[in-house]
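Participant: Sequence:
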Amino acid sequence: MPQIRRRGFKALALSSAALLAIAGCGPSADDSEGGNGDEADTGSIDPDTIVLGAVPAEEATDLQGTWQPVMDMLADETGKEVTFELATDYAAVIEGQRNGQVHLAQYGPFAYYMADQDGVELSVGGVMIQEEGEPAGYYAYGITQGDSDIDSIEDFEGQTLCFVDVNSASGYMYPQAGLIEAGIEDGDYEEVMAGGHDASAISVANGDCDAGFALDSMVDETLIESGDLEDGDLKVVWESAMIASAPLVVSDLLEPELHETIMTALAENVNIPYLVENGYCESEDECEISDQRVYAYEPVPDDYFDDLAEVCEVTQAEQCESF
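According to numbering that gives the first Met the number 0, the sequence shown is numbered sequentially starting from 0.
Not one of these hints is a red herring.
Label pairs and their in silico Cβ distance ranges:
#	residue 1	residue 2	range
1	Q63	E189	30 to 38 Å
2	E153	E76	44 to 52 Å
3	E153	D75	47 to 55 Å
4	D251	P300	13 to 21 Å
What the hints contain is simulated information worked out from the structure, not anything from laboratory work.
Since the structure is predicted, the reported quantities are computational estimates derived from the model, not experimental observations.
C-beta: ideal position from N, C-alpha, C; glycine also.
Please model the complete structure; the sequences and the hints are all you need to start from.
Facilitator: Structure, rendered in structure tokens:
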């Protein structure tokens, strides 16, 4: 992967590391056979409990409930307890994986890319696809109210804009690149961090922000199906290039046999047909994998996330700079 400079992200990661500890982040590496906390070596951790960490894309969801079928399957495959830890941002998940406290994690693509660039020892078990046969990718939308006079991203200048999280690919980084390419720079608008893709979209619909950004499926499907929004409440005035799908990632600090067992289970078993057929879900209609309604995870080539380096070049964002 191309190497990029990253300077300002470490403070965010360190300030957020306590969040997982406050949440009770399961057993530490000290409690795992061969683990030694922050100095854990590759292949040294064999925990009694596997910890899965994730950040909600949708604030109102029962995130643990949507991961329960996968957790039950992994418990059967590994013979270990599998627990869930809710994080408020990706920096907390990154620190948890760095020190061996989080063994399996759902990342956003940009958060994973930054963790990988900084040397956190990780393997991608697969990236999410929403429907069988769909490409492994998605889009960021620039949105405004359905009856707004704002008709393009160029009209975002001087407006109050809702974003998701500074480490979100579709909720911040790709939108930042889009604004810059439209001739709009930092200071030309008021920035609001909504905290979730659903919150960003709803804030725009309610008029709390003049415009904003959210991932495509949240606008097109999730909030319509939940009844939080109706057709016509929002209009899409900008669409990003295709963004690499979010990866499900395994810590390379796990001892090799356990690591291989989890990687194989992710590749072969984390899909709705398997989970239904083997009794982890009652039906395909009721089966959910994460709050992003994932159908399955599929393997990707090593250069799959390289386009994120181009976004960093365009934005020169602090998150892209060295620790």
